Amino acid sequence: METSPRYAPPRNGFLGFGLSRSPNRRVVAGVAGGLAERLRVDPALVRVAFVMLALCGGAGVLAYAVLWVSVPQAETPLEVLDAGPQRGIAVALVLAGIVVALRSMGLWVGDAIGTSVGLVAIGITIVWLRGDDTERARWSRLAQRAPASMLEAVAERGPVKGIGRLRLLIGLAAAFGGMVIFLARSNVLETQPGIVVAVVATAVGVGLVAGPWSLRLVQALGDERRERIRSEERAEVAAHLHDSVLQTLALIQRTDQPREMVALARNQERELRAWLSGRPPLVTGESDTLATAIEKAAASVELQFKVPVEVVTVGDTALDDRLQAIVDATREATVNAAKHSGAGQISIYLEVEPESVTAFVRDQGTGFDPGSVAPDRRGIADSIRGRMQRSGGSATIVTDLDAGTEVQLSIPRVA
Amino acid sequence: MTALDAGAPGEVRVFVVDDHRLFLSGVQAELGGEFALVGSAGDVESAIAGIVAALPDVVLLDVHMPGGGGRAVLEAVHRSAPDVKFLALSVSDAPEDVIAVIRAGARGYVTKSISPAELRSAIRRIHDGDAVFSPRLAGFVLDAFAGQTPVGPGGAPDELDQLTPREREVLRLIARGYAYKEVAKGLHISIKTVETHVSAVLRKLQLSSRHQLTRWATERRLV
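Residue numbers (my numbering), protein chains in the order written: chain B, 1 to 415; chain E, 416 to 638.
One or more of the hints may lead you astray.
Below, computed lysine-lysine pairings styled on DSBU-like, alpha-carbon distance capped at 30 Å [claimed, not checked]: (1) E:Lys500 with E:Lys607; (2) E:Lys600 with E:Lys500; (3) E:Lys527 with E:Lys600; (4) B:Lys339 with E:Lys596; (5) E:Lys527 with B:Lys339; (6) E:Lys600 with B:Lys339; (7) B:Lys306 with B:Lys339; (8) E:Lys527 with B:Lys306; (9) B:Lys306 with E:Lys596; (10) E:Lys500 with E:Lys527; (11) E:Lys527 with E:Lys607; (12) E:Lys607 with E:Lys596; (13) E:Lys527 with E:Lys596; (14) E:Lys596 with E:Lys500.
Simulated from the structure, these hints should not be mistaken for laboratory data. Predicted model, so just to flag it, every value in this text is computed and none were measured.
With these hints in hand, go ahead and build the complete structure from the sequences.
Right, here's the structure in full:
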């Protein structure tokens, strides 16, 4: 058989079968661990096998004792166990065969328990086989992190060790006492004592082995999940900064046009701020609010005309068709200011009040004479005034040749 | 900390606190001609020591600094030198940052993208005992004071928890990008009146217990 050296189990040991007791995989004496290493299956499977055989008239206990006495302990621990599902299935089938054989010999705990344990085993096997490789690797990693027994888990608690032990004892005593009272009151004990003993033994065994283990497993799962989320977030931050801020910084170093540089930096800043505050990026559409729609419009004008646009919003509301008119008019007014005023900056102020929504677009550049604008220039007349009037709102334009222009837009919130 | 400079009589004495060397030297170069720069510091500890020693008229204070930030400086200096006035300067325009330093005692808040001329006029205004509101800060205040007025313990609405209509008008114009002078012209009042309104708003901002303000403040563990 071809295996890589590190998976090769020691060839000496018990009668030359290469079987030794494992020094590192041990719950009692390392017999099950050593068998698992030799058979290259999960130690848990072998342990389950011993427990099941133990239930069959104590066969497992006997087998374990014999192997403990006769099999020597390995000198060098085998760190990596190359366990494969096929081998696991094979061992499980052999186990099932032995159990059936023992049952026919009369060494059997009873069909009820045997069937339920078998069903659970099949269930676990199916779950195990359905997972993909990485998932399986995760589970075994987690299983290794969990303590092997309850006492180990209790001992790990450190400073509260004594209290932990005490609590454990009290808990066990309470559970046991409860059971005794229940049994004393019912007649089960007198009619079928065997079943009761078997159930109690199984419950205690399962509790001891699986209780703290599953608890720790759940905790470890939570820890691992948090860790994974954290690292995913880090990756997301890194990715975002790489294709946004760092990209822009690189471009800024290469450009010799200050206006474009400023626009680029501002756009980046806007995006980063939106991202930091958890708002959706300004490129997505659909579920916008009025304030984000205005901010988006400002950002696009800023990017297109390379003029800083400052947006201040007070209040916010969902965007509907009527309010879209004020967004479009604001955008148009901002474009006009960017194109014609020559101002170094444009201010947008949006206020949402219970009865109305108002927006102001202001520049401090050169104003204009409204009378001198040619009637064929559709911008103001149509895009701004017409749009607002059609939606039941109004537009006022205040302009002064020295002090710049302010477009005041207003629309009632209910028609 | 740099060497102290007593400054010529009548000059406004300014102290700059910022942990970014580049920004610090830039601001010093912009202000040097007009103000007496009496010192600078790059961290909270030396800022507190330097300000208490130099007793400047106005401190330009960076909001985000290692060792407790601008708020730690504000609180420490306010205890020993309550007359020193602070203008907060920051790259951040997040509401909780702005509101937190104002409530800690700063008399104004501007972002670092402010032009040198605006910064100079802001410093003079702070020195004169007025408040400096950027358009964005005005927007936050309108937002925070919007809606139903909460009723105070006496049954009547608490005066500190609401803005007067005139204060609202002033803030709206500031939010629209108007300078104080333009606000005065627009409302047909004097600049002095505008300044009075803004100072009143600042006081309300610092003392009001409106829940939006308390929320912003407690998010930064400041009450």
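Hints numbered earlier in the text: which of these fail when held up against the supplied structure?
none
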